[in-house]
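K.L.:
Here's the letter readout for the chains.
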Amino acid sequence: MKYTEDHEWLRIEGDLVVVGITEHASTQLGDVVFVELPEVGTMVAAGDEIVVIESVKAASDIAAPLDGEIVEINEVIVDEPGKVNSDPTGDAWFFKMKIDDLSLLDQFMDEDEYKDLVD
Amino acid sequence: MSELLHLPLEELHVELGAKMVPFAGYAMPVQYGLGVMQEHLHTRKSAGLFDVSHMGQVILRGPDFQTIALAMEALVPVDIAGLGMNRQRYGYFTNEAGGIEDDLMLANRGDYLFVVINAACKDADVALMRAGLPEGVSLEVISDRALLALQGPLAEDVLAGLNDAVRDMRFMDVADLDLAEAVCWVSRSGYTGEDGFEISVPADAAENLARALLSDDRVEAIGLGARDSLRLEAGLCLYGHDIDATTSPIEAGLGWAIQKVRRAGGTREGGFPGAARILAEQAQSASRARVGLLPEGRAPMREGVELFSTAEGGVAIGRVTSGGFGPTIGAPVAMGMVARDHAAVGTPLFGEVRGKRLPVAVVPLPFTPANFKR
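Respectively, the protein sequence lines represent chains A and B. So the first sequence is numbered by our numbering: it starts at 1 and just counts up by one. So the second sequence is numbered by our numbering: it starts at 1 and just counts up by one.
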C-alpha cells in the first residue's frame with residue numbers, strides 16, 4: 001500500500017491501481033453523507049479533482065493521484081456513503097485506474113512514512 | 001486559540017473528547033467522540049447536553065415590570081407587557097429598514113426581564129439596548145453564569161432526577177430551581193425542536209451540574225455540529241444565515257412572534273423600528289419568503305447555493321440560507337429565501353451545486369415535528 005499527502009491510499013491490483021482514502025482522512029471528514037465518483041472511461045491528469053465527498057460538516061474533493069484512465073468505480077459508497085467511515089481501507093475504495101507505469105507509485109509514501117505524517 | 005474567549009466548561013469538553021473550534025469568538029465543542037450524526041440522533045431519541053454559555057445573558061431592571069416591558073417593546077415587536085409572570089417568549093430586535101438585528105428570548109421574572117441573545121450579536125445587542133432604553137431601565141450583562149441546554153424526549157425524566165419540580169413546567173415556563181446544589185434559572189425551551197430545558201447556572205457550579213447530568217446513561221454531550229442540524233430539521237432560523245439585518249420578519253416567516261396587540265389595529269400597534277414595512281408586509285405580503293427545501297438527490301445543498309426555477313438559463317430566484325444533511329430524515333435538507341412566486345409548497349426548483357442544476361422541492365417546515373410539552 002502507498003499513501004499520498006492528500007491522505008489517499010493506493011493499492012496495486014493486477015495492472016490497476018485501486019484508490020481510497022485513509023482511516024485518518026475519514027475520521028477528519030466526519031460522517032460521510034454523499035459521494036460523487038467520476039465516470040468510467042474518464043481520462044484524468046494527476047491533481048484533477050475527480051471525486052466529491054460531503055460529510056455532515058463540509059464538501060471536499062479527492063484528486064487523481066496520477067495520470068490515467070478510470071476503469072472502475074465503487075457504486076457501493078454512492079449508495080452507502082457511511083461505508084467510507086466504517087471501512088475506508090476495505091469495502092469503501094473509490095475507483096480503479098489504469099496508469100502507464102506502475103513504478104510511478106514509488107514516488108508515494110509507504111506505511112511508515114505516512115504514519116509519521118499523520119502522527 | 002489564544003485570542004479566543006474561553007468558557008467555564010472548556011476543560012470538561014476537552015476531557016470528554018470534544019473537538020474544539022472557534023465559534024463567535026469562543027472556543028466551542030463542535031463534536032465529541034460520537035460524531036455529529038450519532039449526537040443528532042441521540043438527542044432526538046434520548047437527551048443531549050449542550051453548552052451554550054457563549055450566548056449572552058442580560059437582565060433589564062426598572063421600577064416595575066410594565067415599565068421595563070414597554071421600554072423593550074420599542075426595540076422588539078413582541079407583546080412583552082402581556083407576558084405572564086415566569087413565562088418566556090421568542091422575539092427579535094428590528095432595524096429601521098424592517099430587518100432583523102438579532103433574535104432573542106425574553107422572560108418575565110417578576111421584577112426583571114431576562115434576555116438571552118446570540119453570541120455573535122452580543123456586543124451590538126447590548127449597545128442597541130443601552131442606546132434605546134430610557135433612563136430608569138438599567139441593563140446588566142450576566143458574565144458569571146454558564147448556560148446549558150438539555151434537549152430531547154427524555155430531558156424531563158433526566159432533569160426530574162435532580163429536581164422533580166421540572167415536571168410541572170410546560171413549554172416556555174421559567175423557574176428558579178435548585179439543581180445539583182445550585183440555584184438555576186430554568187426555562188422549558190431550547191432550539192432543537194425537542195422538548196427540553198435551558199439552564200442558567202452559576203459558572204462555578206456549572207461543571208458539577210454538567211457532570212451530574214452526564215452521569216445519567218441517557219445523556220450524551222452534544223456539540224455545535226449536531227445543534228445546527230437539529231435546529232435545521234426543526235425549521236428554526238440561525239441568525240446571520242437564515243435571517244439578518246436585511247431580512248424582514250415577515251419574509252422569514254416569523255410574523256407569528258408579533259402578537260396581535262403589536263400588529264396593525266392592535267392596542268399597542270407598531271412602535272418598533274421598521275414597523276411601517278413589517279406591518280405592511282404582514283397585512284399584504286412580502287416579496288420573498290423563507291421556505292423548506294428538500295433536494296431530490298443525495299447531494300447536500302449548503303448555504304449559498306443559488307436556486308433557479310428552470311433546469312437551464314434564467315436568473316436565480318433565491319438561495320439556500322442553511323443546508324446540510326438531516327440525520328433524522330436520512331437525506332439532505334435545507335432552508336432558503338426565494339421570490340414569493342416560487343414559495344408555494346410543491347414548487348419544483350433547481351439548486352446549482354458545483355455547476356450542475358439539481359432538482360429540489362419546496363416543502364413545509366419543519367422537517368421533523370416539534371415535540372414540545374405545551
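The hints are simulated quantities; they were obtained by calculation from the structure and are not laboratory data. Fair warning: there could be bad hints in the mix.
[To be verified] SDA-like cross-link-like pairs, simulated, lysine to any residue; straight-line CA separation at most 20 Å:
hint, chain 1, residue 1, chain 2, residue 2
1, B, Lys-122, B, Leu-162
2, A, Lys-2, A, Asp-112
3, A, Lys-96, A, Gln-28
4, B, Lys-19, A, Gln-28
5, A, Lys-57, B, Phe-23
6, A, Lys-96, A, Val-40
7, A, Lys-57, B, Gly-330
8, A, Lys-57, B, Asp-228
9, A, Lys-57, B, His-241
10, A, Lys-57, B, Gly-240
K.L.:
Run every hint past the structure and note whether it holds.
P.N.:
Here's how the hints hold up against the structure:
1. B/Lys-122 <-> B/Leu-162: Violated: B/Lys-122 and B/Leu-162 sit about 31 Å apart, past 20 Å.
2. A/Lys-2 <-> A/Asp-112: 10 Å, holds
3. A/Lys-96 <-> A/Gln-28: The hint is violated at about 23 Å.
4. B/Lys-19 <-> A/Gln-28: 10 Å, holds
5. A/Lys-57 <-> B/Phe-23: 14 Å, holds
6. A/Lys-96 <-> A/Val-40: 9 Å, holds
7. A/Lys-57 <-> B/Gly-330: With Cα atoms ~15 Å apart, A/Lys-57 and B/Gly-330 stay inside 20 Å; holds.
8. A/Lys-57 <-> B/Asp-228: 10 Å, holds
9. A/Lys-57 <-> B/His-241: Holds. A/Lys-57 to B/His-241 sits at ~16 Å (cutoff 20 Å).
10. A/Lys-57 <-> B/Gly-240: Measuring from Cα to Cα gives roughly 18 Å; hence the hint holds.
Checked against the numbered hints given earlier, this structure breaks hints 1 and 3; the rest are met.
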